[in-house]
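Q: Need the complex rebuilt from these two chains, each delivered in its own frame; the hints are there to steer you.
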Amino acid sequence: MRCNPFKSILVATFSLFAMAFSAPLFANESPAPKEEGSFNVTETILEHIKDDHSWHLWGHVSVHLPVILKTSKGFETFSSEKLVDEHHEPVVYKGNFDYKLFEGKIKIVDAQGNLDKVASQQLWDLSITKNVASLFVSVLILLFVLLISAAAYKTTGVTSAPKGLQSFMEPIILFVRDEVAVPNIGAKKAGKYMPFLLTIFFLILTNNFLGLIPFFPGGANVSGNIAFTMTLAVCVFIVVNLSANKSYWEHIFWMPGMHWSMKLFLAPIELIGVFTKPISLMIRLFANITAGHILVLSLICLIFIFKTVFASAIAVPFAVFIGMIELLVAFLQAFIFTMLAAMYIGMATEEHHHDVHEAHDAHGEHKDLAHH
Amino acid sequence: MFLEINPLVLPDIGLVFWNTIAFLVLLIVLGKFAWKPILKAIHDRESGIEDALKKADKMKAEIAAMQNENEALLAKAREERATLIKEAKEASEKMVAEAKDKAKSEYDRIVADAQAAITQQKNAAITEVKNQVGSLVVEVAEKVLRRELSNKADQEKYIKELADGVKLN
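Chains as they are written, first to last, in my numbering: chain S, 1 to 372; chain H, 1001 to 1169.
Next up, chain H with everything else stripped away, as it sits in the complex (with noise of 0.2 Å):
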């Protein structure tokens, strides 16, 4: 037979009998100690990567979203401030409006009665001169009267006299 010819192809029944033994004690032991932790901690590495990038994913899409949020907030925000300021400006001038007008009417109501007043005292000093000027002239034709008699020339030197001494006011 070949197999008796040829040492190298016929099969040692020592070794196949170690050989089955050395694989069954590594398929036990390997596969107990070594493979199954191995892989099981890859499995669970990988896992854990898939885990985390779908996170990060998950955490990108949020932060996107919150920043769109944020912008709206933001836009928001900026028109309520210009209207805040429109109002308050709105305001403020009506304020100053109504402050004019307010000052306007009590200026014109001073006037008014600045210059009834000084109507009053005028018509009081006018009719004071009046009389004073009546009271004098009687005291003037009174004394004339009294010097007539004398001298006609001393008598217009007089009246010239008491023309100049009469002073108005």
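Chain S extracted, bound-state conformation (with noise of 0.2 Å):
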């Protein structure tokens, strides 16, 4: 053990980890009532993470975004400063109907300020958040940078080599298309999926990597937010299912080269499989993303917890090593994002003529038995 003083660091960093992970559990559990300067980790990771109706530059400094309501009585558009005083704490805002933030989400409240549920539920929030506006952020990069290479094929020809930013992105492109589409889906149908499954690597690369840096741009957590994931899951599930040929449903239904019974008992089974493939993608990614920014943020919180300078020490070098880890997770999760989805769309386009062939082999067996 002399001779392995890393090990003891890794034991004693992992112990602190414990109790740094206890903490918010037990707040979880039973939350105790807020007391002037305590420091509440739930409340401070979980509010890093979620997503807001301001976007926090720094200081005292943030951005206002827009808010967008649909209610039973049209479309309404405020500045989200409205539902906040100076102390940040949230205050009634009086439009079409009087709104209230509770918990970073507008309600519907009555005269008195008190939460209408049922009202709430027929409003429609669809709000510039922190996370639609990183978004964005999001896709003006992917537009800027992806447009500028393009164009550099068209300046500086097919035949000679690429340069600058192209050169960047090229690599890329063909890891996507030699290493993710071709193997999956298969050369000849690959080309027809290339610009979706391009178009979602590379959205939740750019998100995953803007999340990692904690200021603006950056900041949100968009790639962590289940509803990001859901709606590219949704999409990889419409793409699939669209483009599913008859061997795929014939294999889900009433699988080929089984007893009928044995069938009856699959059917079920791979029908659920069809929709737990996009939701283990949609959680998958979700999950990841979250727990990594969980993770940092919770050992830098082991400054607040121990109230001292000194717990930086080993919070710090350990935030960087975990921020290390987590670019490799962001191209990680995107890769296996597209990966899945071309190994889903590869299974529902594959031509099964395995079958085929053993059907013709039997019927020649049967005829040489004839013959002899």
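Since the hints were made in silico from the structure, they are not lab data. Quick reminder that beta carbons are idealized off the backbone N, C-alpha and C, glycines included. A portion of the hints provided could be inaccurate.
Unchecked claim - In silico DSS-like pairs for lysine-lysine, Cα to Cα no more than 25 Å straight-line:
no., chain 1, residue 1, chain 2, residue 2
1, S, Lys-192, H, Lys-1036
2, H, Lys-1130, S, Lys-188
3, S, Lys-163, H, Lys-1060
4, S, Lys-154, S, Lys-82
5, H, Lys-1094, S, Lys-189
6, H, Lys-1036, S, Lys-154
7, H, Lys-1058, S, Lys-192
8, S, Lys-154, H, Lys-1040
What the hints assert, rightly or not - Calculated Cβ distances over 12 Å to all of chain H for the following chain S residues:
no., residue
9, Lys-50
10, Lys-82
11, Ala-119
12, Gly-224
13, Leu-271
14, Thr-290
What the hints assert, rightly or not - A few chain H residues facing chain S, derived, Cβ under 8 Å:
no., residue
15, Val-1009
16, Leu-1030
17, Phe-1033
A: Shown next as structure tokens:
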């Protein structure tokens, strides 16, 4: 043990981890009365992970994003500034209805300022929140970077080697094509799904990276938001099922080559599988990115839990270490999401030559036997 | 419900709405103006490289074939040169031999002619000498006969004188 100081550091740190995690868990189960000056880790972390109506830049500077609401009285737009007072405490805003923030979400309240659950269910919050704004930033970045790269092919021509931004993007595009699309879908059909896979890959990748930047234009947790991953998973679900061929459905509802009782047994399982595939995509990306953010935030929170600056001696190096891993995870999760999407598409469009061959062979054998 | 209590796993309709729009915009705009030209360019380049490689292979094969051909031609040329030289040598040798023969026969002829001429001249000269000797003998005899009568000693002396005076030629 003498020769392994690294291991003892690891042990020490993971015990600290356990403490850091037990504290928020405890706080979650029995919310302690909020004391002035006390530090609530769960709240702090959740605040950083959750969506918000304003984008905090630094210190007391934050951008108040527009609120767009659809109610039974039509659309309504106002600045989110009107929902909070100068102390960042929620206040009632009187529009078509009376609105107030409850845990960061806009709800309809009655005249006494109490939550009106029935009316709130009619409320559609289409606001440009922090996540939506960050998503738009990522879209602009993607459009900018990729349109410039695409333009480079026009100016430098096809035969010359790629340069600059173009040479940075091309290997990634080739990676998606040669390692993700072609092996799973097959060279013939891969081209049709390449735009979809590339868009998904780059959108996730950009948002993963933006999420790792702790300040503007990052700071939002888009790819760790279940709404984001759900939307993409639904897109994959639609594409997979729209491109599915007859043999795919046959394998789901009436598995060939099985006894009829097995077929009956397998059909519901396979049918559930149709839905669990995109759901797993949704949860995997959401959980991985959110977990990474929680991990980094927990490490930083150690400093505030111990209320000493010396805690940063452990917390900061490990936050950097986890940050490095998160960089890897950012790429890995974008890759895995795209990879699995390609695999599902491949499964849905696969043509089962195998079965046909077997049938032919069996037929041939019969013929041979007949000849003999 | 679990979804109600945990804000993290409750999807916001707003983000779903905007994300759908953002994704569709990206898919359409990038699909048309980025992925399509980029993938096409990459494909074009790859096929270009493939073509170039194939062409290079073909050229290599052609060059090898040409080299073989060149070597064959060279060998043939060498052979031809050798035969040409051989033929030329033979021809020249033949010519030299012919010239020698001709020269020899000419020489023989000239020598024969000269010998014939010499023989003829010699015969003519001998005949003349014979004639001259004959006439001298007659002259001497005449002179001897004329002095014979006077003195025997003188006579002999005279004959001797005459004999000395006779010069053949």
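Q: S:Lys-50: least C-beta distance to chain H exceeds 12 Å?
A: violated, 6 Å
Q: May I ask you to check that S:Leu-271 keeps its beta-carbon over 12 Å from the closest beta-carbon of chain H?
A: holds, 23 Å
Q: CA of H:Lys-1036 to CA of S:Lys-154, is that 25 Å or under?
A: Satisfied, since the Cα-Cα distance of roughly 12 Å is no more than 25 Å.
Q: Taking only the CA atoms, is the gap from S:Lys-163 to H:Lys-1060 under or equal to 25 Å?
A: This hinted pair is violated, its Cα atoms lying about 31 Å apart.
Q: Holds or violated: are the alpha carbons of S:Lys-154 and S:Lys-82 at most 25 Å from each other?
A: violated, 49 Å
Q: Return the status of the interface hint for H:Leu-1030: holds when the least beta-carbon distance to chain S is below 8 Å, violated otherwise.
A: holds, 6 Å
Q: Is H:Lys-1058 within 25 Å of S:Lys-192, Cα to Cα?
A: violated, 34 Å
Q: Within 25 Å, alpha carbon to alpha carbon, are S:Lys-192 and H:Lys-1036?
A: OK: S:Lys-192 and H:Lys-1036 at ~10 Å, within 25 Å.
Q: Take a quick look at whether S:Lys-154 and H:Lys-1040 sit within 25 Å of each other, Cα to Cα.
A: Holds, at roughly 11 Å.
Q: Between H:Lys-1094 and S:Lys-189, does the CA-CA distance stay at or below 25 Å?
A: Since the Cα atoms of H:Lys-1094 and S:Lys-189 sit roughly 84 Å apart, the hinted pair is violated (cutoff 25 Å).
Q: Since S:Lys-82 was said not to touch the interface, does its Cβ keep a gap of more than 12 Å from each Cβ of chain H?
A: Consistent with the label, S:Lys-82 stays out of reach of chain H, its closest Cβ about 17 Å off (over 12 Å).
Q: May I ask you to check that S:Gly-224 keeps its beta-carbon over 12 Å from the closest beta-carbon of chain H?
A: Per Cβ check, S:Gly-224 is inside 12 Å of chain H; nearest 9 Å; violated.
Hint violations for this structure: numbers 2, 3, 4, 5, 7, 9, 12 and 14, all remaining hints satisfied.
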